[in-house]
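Given chain A, work out where chains B and C should sit, using these hints.
Chains A, B and C supply the protein sequences, listed in that same order. -18 is the number of the first residue of the first sequence in the numbering used here; add one for each residue after it. 12 is the number of the first residue of the second sequence in the numbering used here; add one for each residue after it. 819 is the number of the first residue of the third sequence in the numbering used here; add one for each residue after it.
Hint data in this document are derived by calculation from the structure and do not stem from the laboratory. Each residue gets a CB set at the ideal place from its N, CA and C atoms; glycine is no exception. Some hints here could point you the wrong way.
As the list claims (entries may be wrong) - One side only, chain A facing chain C, incomplete, derived with CB under 10 Å:
(1) P18
(2) V20
(3) Q23
(4) T24
(5) S59
(6) D62
(7) T76
(8) L85
(9) V89
(10) G93
(11) W95
(12) L99
(13) S170
(14) T171
(15) A204
(16) L205
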Amino acid sequence: MIGRAALAAAALLLAAFLISPDSFAPLLEPLTRRGAPAVYTQTSLWSLTVSHLALVAGAIAASAVIAVGLGVLVTRDSGRDFLPLARMVTAVGQTFPPVAVLALAVPVLGFGDWPTLLALFLYGLLPIFENTLAGLTTLPPQVVEAARGMGMTPAQRLWRVELPLALPVILSGVRLSAVIALSTAAIGSTVAAHTLGEVIIAGLLSSNAAFVVQGGAVIATLALLIDAGFRAAESAARSRAGF
Amino acid sequence: MIEIEHLTRRYGPRAVVNDVSLTVQRSEIVALVGTSGSGKTTLLRMINRLVEPSSGRVRIAGTDTATLPPHQLRRRIGYAIQGHGLFPHRSVAQNIATVPRLLGWDRARIDARVDELLDLFQLPPEEFRDRRPQELSGGQQQRVGVARALAARPELLLMDEPFGALDPVIRAQAQQDLRRIQRELGTTLLLVTHDMTEAMFLAHRIAVMDDGRLLQCAPARDILTRPASPLVQALAGEQARPFHLLSLSQVADLAQPGTAEGPPLAPETSLRDALAQCLWSGRDALPVAGGGVVTLAALRQAASGETGRTGAGASVKAGVPSPPASPPAPQ
Amino acid sequence: MSAAPRISRQGLLFALIGLAGLALPLVQLRPNRIVPGEPLSLPASLGWPGWALAVPLAAALLALLPARLPPWAGLALGLTGALLSVLALGWAATALIAPDAPLARVSPAAGFWLLLLAFALAAADALARLAPPVAWRWGLLLGTVLAGAAILSSGVLGDISVMREYQSRHDVFWREAGRHLLLAFGSLGLALATGLPLGVLVHQVPRLRGAVLGALNAVQTVPSLAMFGIMIPLFGWIAATVPGAAAAGVAGIGAFPALVALFLYSLLPVVSNMAVGLASVPPPVAEAAAGLGMTRAQRLWRVELPLALPVVLAAVRIVLVQNIGLTVIAGLIGGGGFGAFVFQGLNQTAMDLVLLGALPTIALALVAGVALGLLTAQAGGAPLERTAPA
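So here's chain A without its partners, still in its complex pose (with noise of 0.2 Å):
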């Protein structure tokens, strides 16, 4: 879709653009009114941005840690009961909004970080779930059934034969869970937490487009290098996979 190119310009431009956010003034000046300043100065841009990922980053690997051992649990024999609950609990709980989940835990958790964090870690946990009961069900059966007549132990089947081949649909449901993450992350700055949507809600309370724009463009530069990162990754996996 993206070519290389057009992805590592994207990430110089980013990187550019957080080392020094002045010298982009002109560019974005156009898009400010009376003279208001052109770049978010409030907080250095390079903080915020670091804070932003490290809570994806935290909210996502605990998702992924706890929606593939739940995925694994109820593919195991001893958990399989709960199979047909977990599929309809996942398909229900895609349904809630991001949005709604996040406002639901400010009374749990009040204001900051840690309500965000909550909600991404829960939002995250149902893509990340569904994608590793799919790679875990859909196993090529004589694959299975050569791992078991060899007389490999269920841990060894599981860590050496079905994680493996499960691999690329799995990290596929962590991408999809860490670009949501990072837009809804935006959106915990309207309950105070440190992300880069404080620079688009300092836009709109200013009615200053310039960081709305900068802060917007920051995320998506972000949310496409991700993307393409997990994207390459998974392909990685995909031909270590023998798919």
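Only chains B and C this time, still in chain A's reference frame:
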């Protein structure tokens, strides 16, 4: 080698395998045949406990299999299935090394064993070691599958329709390779197949199953000439019976003194092929290399199952063609 | 094989969640809408009638335990238990609100949510096992919606804090509800009107495929906050500078910018599923249609579009569920909808107001998701993977 005693597997009220007893000698090949749903695959899978028996007992080399943890039991038994089940994320060498690695062999020993097996299956190691299974042809994948099953030098090899996914030409080649390798290694082999011709070609004895029961277990010739029941007769293929019988013997067995026109047949040519040549060339007798002839009359008699009354041939070997009728005595 | 266990493990899980719910406080009593309150259990809030309610609830939970419980019984227990929990909440609130303290608020606490979760999970598990025919599922959906409407309009829950919020602004509530639906469905309608033809075009002119889908994919990466935010100055500028634009309804304030933002997010699923649906028509079918002498237009209308319908419906489901959720953001830029309550509530740290916005949004998204899932199932397809911005 394997003693199966009163083995039964029930699913609910239905017995998929019903009170089957069977003994397999060391280095013997036994083929399990029967219609689909006859319980032959379930019987095979109970031997390495992929299916747990409802009742009965299996002993391998004197050890009751129920006393071993299933995964340790399976590491001692080779297992090859239809569609090979090779791990797509592992190279050919890694696939073959699976069980030796599970058993904790050291690296050098594993590498040597992998190369040895690749040579045995006529897959040059330098060329095939690092390939992925999906880069191989169907026949090559199947050979790697069998090599993997044999990697840890199991005394017993279980095969479930191992050649089911191959086309006829490759299939015939694979059967010949298997017979050659089995004779070299002396592995005991239990094979599930629905193809009676394959069973006749490979097996010392054929076990015929229907509806969970073992109807008869005997050498191919006995299955054809002395079926235990009409059902066995039907399963053995009534129309093809003369041809099956002919395929069990070689022209050397039937040769009688005399001379005939034409190029001589190799002594190990099957009677079935000899008959085909007679019919196609319109001759009554064919010369056999090394002296003697095989006549159409003798072939006709052999095809009727009455080999006992023909002269030289039948007395030489009443059994199966190249695999000996009785396996070598346990060493 | 070991003998079947007498206790189902799912049942055990549901019962444990539910019993924890019974043990924890059912409600919170607060002197007014923004101060912290005092947690109260079911018996503590209702006195002896509370015990009379707790016993059947516990009994229903224990009845979920047997492994041989038929699914329909599990479904009945789950639905009854959920209903009973909601009624208990309403009665507890009524009992706690003293007539002389009109500002006091009673809101559901952890115990209530756990009870509801336990029974909802039990019902969902039973439903997953029953796998009833589509007509039954429609009936169940309709019944649940009607029962919910009946409970809400009966006034049983009238003393719950969220309902208090509703009562004090019910005119605004219905206006914002209308606005929310208008935005979600309006953007869907616009996306279908433009996206379906675009999908057909992309299918028939493969050269366009990469460019169109690539651009729409890039749109999806723009965070919703920024997408909604940028529409205000953009359309403000257009309305001010393009002659006739303002007269045509283009404006930088109100619902218009939100509608456009939602429309942009909706395009990718519609266009790509239309193209995928058309591409998935088996070639022999398409060839047979051509061989029968159908014109290109006839083939499209009579053969290809009907066969692509399930995939298109899957896109409609994705878009509708996604838009119902995203419309909340419109509340932040003055576009209205339930989001207005959510962000107002967050600003005032009035969580009841947040709930007044969030709960109907969730309910709408759930009903829309289930209903369109059923439609898709009727059209003979399974829902596809979702692609969602947040």
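Against the structure, the hints:
1. With a cut of 10 Å, the hint placing A:P18 at the interface with chain C is violated, because the nearest CB-to-CB distance is about 15 Å.
2. A cut of 10 Å between beta carbons decides the hint on A:V20: the least distance to chain C is about 16 Å, and the hint is violated.
3. With 10 Å as the threshold, the beta carbon of A:Q23 stays out of range of chain C, its nearest partner Cβ sitting at about 17 Å, so the hint is violated.
4. The closest approach between the C-beta of A:T24 and any C-beta of chain C is roughly 16 Å, which is over the 10 Å cut-off, so the hint fails.
5. With a least beta-carbon distance of about 9 Å to chain C, the hint placing A:S59 at the interface is held under the 10 Å criterion.
6. The restraint placing A:D62 at the interface with chain C holds, with a minimum CB-CB distance near 6 Å, inside the 10 Å limit.
7. Taking 10 Å as the C-beta contact cut-off toward chain C, the hint placing A:T76 at the interface holds, the least distance being around 4 Å.
8. A hinted interface residue such as A:L85 counts as satisfied when its beta carbon comes closer than 10 Å to some beta carbon of chain C; here the least separation is about 6 Å, so the hint holds.
9. Because the smallest distance between the Cβ of A:V89 and any Cβ of chain C comes to about 9 Å, under 10 Å, the interface hint for this residue holds.
10. Interface restraint check for A:G93: the shortest CB-CB distance to chain C comes to about 12 Å, outside 10 Å, so the restraint is violated.
11. Evaluation of the A:W95 hint against chain C yields a violated restraint, the C-beta minimum of about 15 Å exceeding 10 Å.
12. Violation of the interface hint for A:L99 is found here, the shortest Cβ-Cβ separation to chain C being roughly 14 Å, above the 10 Å cut-off.
13. Taking 10 Å as the C-beta cut-off, the interface hint given for A:S170 holds, the closest approach to chain C being about 8 Å.
14. Because the closest C-beta pair between A:T171 and chain C is about 6 Å apart, less than 10 Å, the hint holds.
15. The interface hint given for A:A204 is met, as the beta carbon of that residue sits about 4 Å from the closest beta carbon of chain C, less than 10 Å.
16. Proximity of A:L205 to chain C holds as hinted, the smallest CB-CB distance being about 5 Å (cut-off 10 Å).
Violation of the numbered hints given earlier is confined to hints 1, 2, 3, 4, 10, 11 and 12; the remaining hints are satisfied by the structure.
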